Amino acid sequence: MTVSYQYDVASSTSGGFTRLLFKWKGSLYKLVYRELFLFVVAYGAMSITYRHFFTEDQKRSFERVALYCDTFMNYIPLSFILGFYVSFVASRWWQQYMAIPWPDKLLHSIAVHVSGYDDHGRMLRRTMVRYLNLSLVLVLRSISSAVKRRFPTFDHIVEAGFMTSTELQLYKSVPSTEFNTYWVPFTWFTALVREASLEKRIIDPYGAKLIMEEFNDYRQMCGMLWSYDWVSIPLVYTQVVTIATYAFFIACIVGRQFVEKSPIPYKMKPDLYIPYFTLLQFFFYMGLLKVAEQLINPFGDDDEDFELNWIIDRHMKVSYLIVDTLILKTPPLTKDIYFD
Amino acid sequence: MTVSYQYDVASSTSGGFTRLLFKWKGSLYKLVYRELFLFVVAYGAMSITYRHFFTEDQKRSFERVALYCDTFMNYIPLSFILGFYVSFVASRWWQQYMAIPWPDKLLHSIAVHVSGYDDHGRMLRRTMVRYLNLSLVLVLRSISSAVKRRFPTFDHIVEAGFMTSTELQLYKSVPSTEFNTYWVPFTWFTALVREASLEKRIIDPYGAKLIMEEFNDYRQMCGMLWSYDWVSIPLVYTQVVTIATYAFFIACIVGRQFVEKSPIPYKMKPDLYIPYFTLLQFFFYMGLLKVAEQLINPFGDDDEDFELNWIIDRHMKVSYLIVDTLILKTPPLTKDIYFD
Amino acid sequence: MTVSYQYDVASSTSGGFTRLLFKWKGSLYKLVYRELFLFVVAYGAMSITYRHFFTEDQKRSFERVALYCDTFMNYIPLSFILGFYVSFVASRWWQQYMAIPWPDKLLHSIAVHVSGYDDHGRMLRRTMVRYLNLSLVLVLRSISSAVKRRFPTFDHIVEAGFMTSTELQLYKSVPSTEFNTYWVPFTWFTALVREASLEKRIIDPYGAKLIMEEFNDYRQMCGMLWSYDWVSIPLVYTQVVTIATYAFFIACIVGRQFVEKSPIPYKMKPDLYIPYFTLLQFFFYMGLLKVAEQLINPFGDDDEDFELNWIIDRHMKVSYLIVDTLILKTPPLTKDIYFD
Amino acid sequence: MTVSYQYDVASSTSGGFTRLLFKWKGSLYKLVYRELFLFVVAYGAMSITYRHFFTEDQKRSFERVALYCDTFMNYIPLSFILGFYVSFVASRWWQQYMAIPWPDKLLHSIAVHVSGYDDHGRMLRRTMVRYLNLSLVLVLRSISSAVKRRFPTFDHIVEAGFMTSTELQLYKSVPSTEFNTYWVPFTWFTALVREASLEKRIIDPYGAKLIMEEFNDYRQMCGMLWSYDWVSIPLVYTQVVTIATYAFFIACIVGRQFVEKSPIPYKMKPDLYIPYFTLLQFFFYMGLLKVAEQLINPFGDDDEDFELNWIIDRHMKVSYLIVDTLILKTPPLTKDIYFD
Amino acid sequence: MTVSYQYDVASSTSGGFTRLLFKWKGSLYKLVYRELFLFVVAYGAMSITYRHFFTEDQKRSFERVALYCDTFMNYIPLSFILGFYVSFVASRWWQQYMAIPWPDKLLHSIAVHVSGYDDHGRMLRRTMVRYLNLSLVLVLRSISSAVKRRFPTFDHIVEAGFMTSTELQLYKSVPSTEFNTYWVPFTWFTALVREASLEKRIIDPYGAKLIMEEFNDYRQMCGMLWSYDWVSIPLVYTQVVTIATYAFFIACIVGRQFVEKSPIPYKMKPDLYIPYFTLLQFFFYMGLLKVAEQLINPFGDDDEDFELNWIIDRHMKVSYLIVDTLILKTPPLTKDIYFD
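Chains as they are written, first to last, in the working numbering: chain A, 9 to 348; chain H, 9 to 348; chain V, 9 to 348; chain S, 9 to 348; chain X, 9 to 348.
None of these hints come from the bench; they were simulated from the model. Quick caveat, the model's predicted, so the values are computed rather than measured. You can take every hint at face value.
No copy labels: a pair is met if it fits in one copy or bridges any two.
Here are the simulated lysine to aspartate or glutamate pairs, EDC-like style, with alpha carbons at most 20 angstroms apart:
(1) LYS337 x GLU203
(2) LYS269 x GLU71
(3) LYS33 x ASP237
(4) LYS31 x ASP237
(5) LYS31 x ASP16
(6) LYS156 x GLU167
(7) LYS180 x GLU167
(8) LYS337 x ASP348
(9) LYS337 x GLU207
(10) LYS337 x ASP112
(11) LYS180 x ASP332
(12) LYS156 x ASP309
(13) LYS343 x ASP127
(14) LYS343 x GLU167
(15) LYS156 x ASP16
(16) LYS337 x ASP126
(17) LYS325 x ASP344
(18) LYS325 x ASP127
Could you build all of it, start to finish, from the sequences and the hints given here?
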């Protein structure tokens, strides 16, 4: 579920982002606590070993290794790599949101141009929008684990009323092993447009053109959704970033230990037992990596992922409202209060 | 209210940005003075404690801790994280401005194509544009605290003349618990387009198409506004940035204190009592965080937030002017002064 | 005036950017010489004071302060903040150029579709394009100091032939205190389109649609121009950048002085009297700030600002050429030299 | 083949990117192991020479050179240059994906508007879409080594059924030495549109306009594909980045060796034999360079390159399905389960 | 000429970018060798002076100055400024490529909708496309030195067949001192569209609309080309970057010299005579500046500049092919091999 916090940041003068720090859902804490736990355990184990089990000689060796790690881990250009990567992922994340089609414009166009309030007219409009939603369900099902869980088989789609069993049979008759056939209901939609034009249910030809133009937009966005699933961010880019982050913190386990003696005197930090700043770094860098992990597939199960199942339901209900239920429920034309 | 300062920077040769430093409204000073006060108090308290209440031993311990903080706070890659975050938020902020729909193009299209200067024609045009504005009010009311305050209940919208009470009843009859129904007046708008086409008030079919195309644009931008409210910037990103900034300044309270003795001689800065450069850093980093806080929700109450209530009024007045009042007040066709 | 130097950089092999260094108009030198003078005076005064008026004790104190400044001014992340800010301003600057509407496409459309070579037809076309230009003048007058200076009152606009006095009266009758009414002539334009359609001067309905579509584009860009003026880059962002830059150079006045003794031996730079590298830094950082100052309001009076007055004249002349003068001056249809 | 890993990162809470580290196809390891091997061999050879073959004097000289390299290789701003370059290449890579035309919208438009279920009608539609696919094959063949390998000669295209031999002859009769003539089949397509309009197979004129509009989109994207091939990223940019990376690692071979004596004591790292952090750097920097190498030509043979041959097959099959096979296989109009 | 190297980088596994290092045309070496030569001469002269002509005292002074330069030249944030500037220039470079109009879509539209295979019809179509190409030649001539060289006078354009001498006279009769009149042939084009509509050579009105829409696109891109020439990147930005780079390398001439004695012992690098790393830096930074120099005016004479003369010829030939030569050479409609 998307975590909306717009209201909490309406004004920057009354607390600002501070209150956001105490949220749990979708928060940094929830996302990194597992990794943090592992890191703390490893760091503590190393610390105890050094303090209690090492001989003097081993300590001296360890100190050299720790110094070595501490010096050289700065060679890992973490903030730079993470910065570019996160900004790449984040812009892609928003593009993916923008690729989710909303049928509203198409619904209004159908409501205006496909006429007839008899059963046939109503069936026509309702079936047209049902096919639009059906194709969306089919493409979302193939890219989102959440939608897939909701509709594990085609029968679940039939049950939910997006499809009749006759339609399912027709759909299944199209071979779909080589490529995704989510667009088959779109062919039924266009057949209905053709039919409605011929039957003069769509009176003006420009009306059919408007519907087809809006439909093509809708069609293209379904294709985009599929494309974003098919073409991931190159694996090697993600691997480089992940390895860099993990390697950094593995080096921290050794390099950031308190050591009794150090050849560089001013590095002899006080023995605080808890490596505060290393933990802070853990929060920042691991936090940024988690930002990327959340955003890279916004059609999954994370707290921040787009609620596709809610969108599907919303589209279905709004569709029937706009092309059928509300179509005759319009207020009478009256003069507004500033009329004269 | 938006702070416009374009005129002050018309020329870069006469003072340039310097004069901007003396503005208060929407300024850095206004935004950070609370946080600055807290920081100064904490820093001063720590300074006094160190100078007057600590024993020699405690002082030596404190000096080690201060050195530790001073060294390690550079591990917080603040400028980098803030830079990327602010540039992400700022580009989103402008996209949000661009998503505010302006009906002007649609108004001109209606003025050209919906004919009739009798009462019915006037009512038709006025009602069409009223519905456009009504839907905008409804969507803005759900995303902006300022608009919500202006129209706390639907009755306020009726009172302001955006809606009749009959329309309100119709609007309320649509179930709106599951999803936002700001678009219901749009269905009334499209019904009027259909009606006007059938009554031949819209003479040319291409005129209706133009109106529907512009309407679809307008419709989509209302949806975009709602989307920007629904899908915030991932919480974890904002948290990472906020924690980094706050942690930095908490570390400053200790790490930037004047200390009497330091193992690194050249760090023995003169005892200036006031940590000038730390305060400067506070201005920069906290200032950048405040930039982000202001821009992240431009529909709130900040000095820089878009004046949605003014926009609503402007749209309403311009609407009636373009589709009704000015429609017959056109100058006679004359030869211009270069005619021959 | 825009400084065009495309020809000077046609080839990168013959001198490249080198020759650009010797330009004065719109140059770095012209922009920073005032600030540079102030900086040099301040720096010199401090230098003389240190060398000739300070006692030994004062010198030692000053040296500590200078070292302190020199060390801590690196805490000001100037290049980073300036980099992001300049890139933000520069992309906005180009968007603003792109928002300046060019009527050419609309002119061609009018020339093709509004027929009639009699006086009425000519008046119709000429008046249509005059209204387009008039609205542009009105909106530019409200956002650009240069255009405002050219047309200080509406009478100047009438004089220049953009408006008749009858039109001015009509224009003034629209209340304009609450919002900008630059779009009023656009309502006259659309009235002419309606009229021309009814009179069958625009023969094909699709012709009127094309004109309206292009007009809507033009209309939107005028609105964009106004928006860029209304919504500035958040003041606080500009303030943060300006304060950072100024603070840096104020710190330089102390921190970059030659000092006789320094606790860090290798910082004992040779006494060169002139702080070459600090001056270089002044050029870079102040130069970047000046880039931002120039670009932030491209409708002002800077050397680089868009020549709106020239654009207005150009549009007016091209308008009359395309829709009137050249409309019948077309060459006879002949076979080209490759015809067979 | 594109490496899709969206499912593996559906949730950031269950392992996140960790599991991606164990993939081989398209992975960092697969891409850098050759270069890594060369580097390790060179590094090892240098190490052995130093330890076993150098005299004491040679060792001292080597140590000075090593220190020199170690100090000065930090002058190579690798992470910065690589960061900007990779982000430039990556955004171009996605634009190239977006430039691959998908005929689906055009197919639906043809299915709606080109009527007739007799053999002639079917031939008409099938031939139209065949020409669309043929031009795509021709342009892809000229830019992609993979498609070129599949269709080494025009006869292979004829064999695969994209072209008849009559068409091939016609195609070959157009001189193609000076410029690419992949668009010749598009002229045949437009001829069919003209013919179908005249024969009233396309009943509504707006239908032909829709087809032509969608066709123009498709046409433009084929041109874009060709443009991306013609205009590469400037060679000198790629060379700068490549030289920087290689120079860095050549300097590493000397500068990162363990040395027995060093004038800077704290650089006397423990003798670990394996330069862990240098290897990590190798992974990061060479990995980023490999990201760029993969993305710079996504029409080649890399693991991540777009599967153009699959796309060609998919387009062909989907084309025939939409405009022919499925056109009459539409479900009957029924009431949906929420009808009343 | 554009340097295409897509084929060389088809696969990242077989050498990758390595082979690009051995290209000369458009290469780093070709671009920087002049500057490199100057730098090497200056550096060598300074080196010889120091080693052979300086007295001991002068040497000690020089060493202090060299240390000073070496320390302070790091204050020049070269990689940062160059990074932002190059990325700004590079994105503008691609936008400029995208602004070059390709008439292909317009040609197809004319071929479909302007009917008639008699001489008059052929002349009509051929003249229409000739005017399109003529305007493009005129605008390119005013912005590109290469095109200007090809057509030094208007007579050369007439000779090349883009214009008849009658047309030239008409063109010259339009005053062109105040603004560029490259668009005059476009008025002739639109006159032909009007004529063809009236003569019913363009049968369907929507056909004329399609032609006008595509024409408006083409028209706008010609305007964009002119705009990119008129509005350069602000001069001051380019100057800042150039001065920064040159100042850096002038400082290198002193600061990177081998010195016999240095107060900082570990800076006493071995006397290698050749400053390898400084030369590397020269390659990177000067290389990046050269990237910018090449890309800033892509209509010039650099190796990487767009081959506008080739484009002009290509457009002319393709124009006649599509609207005339190939229009009747279409293959007969046949069943494809998968027909049943």
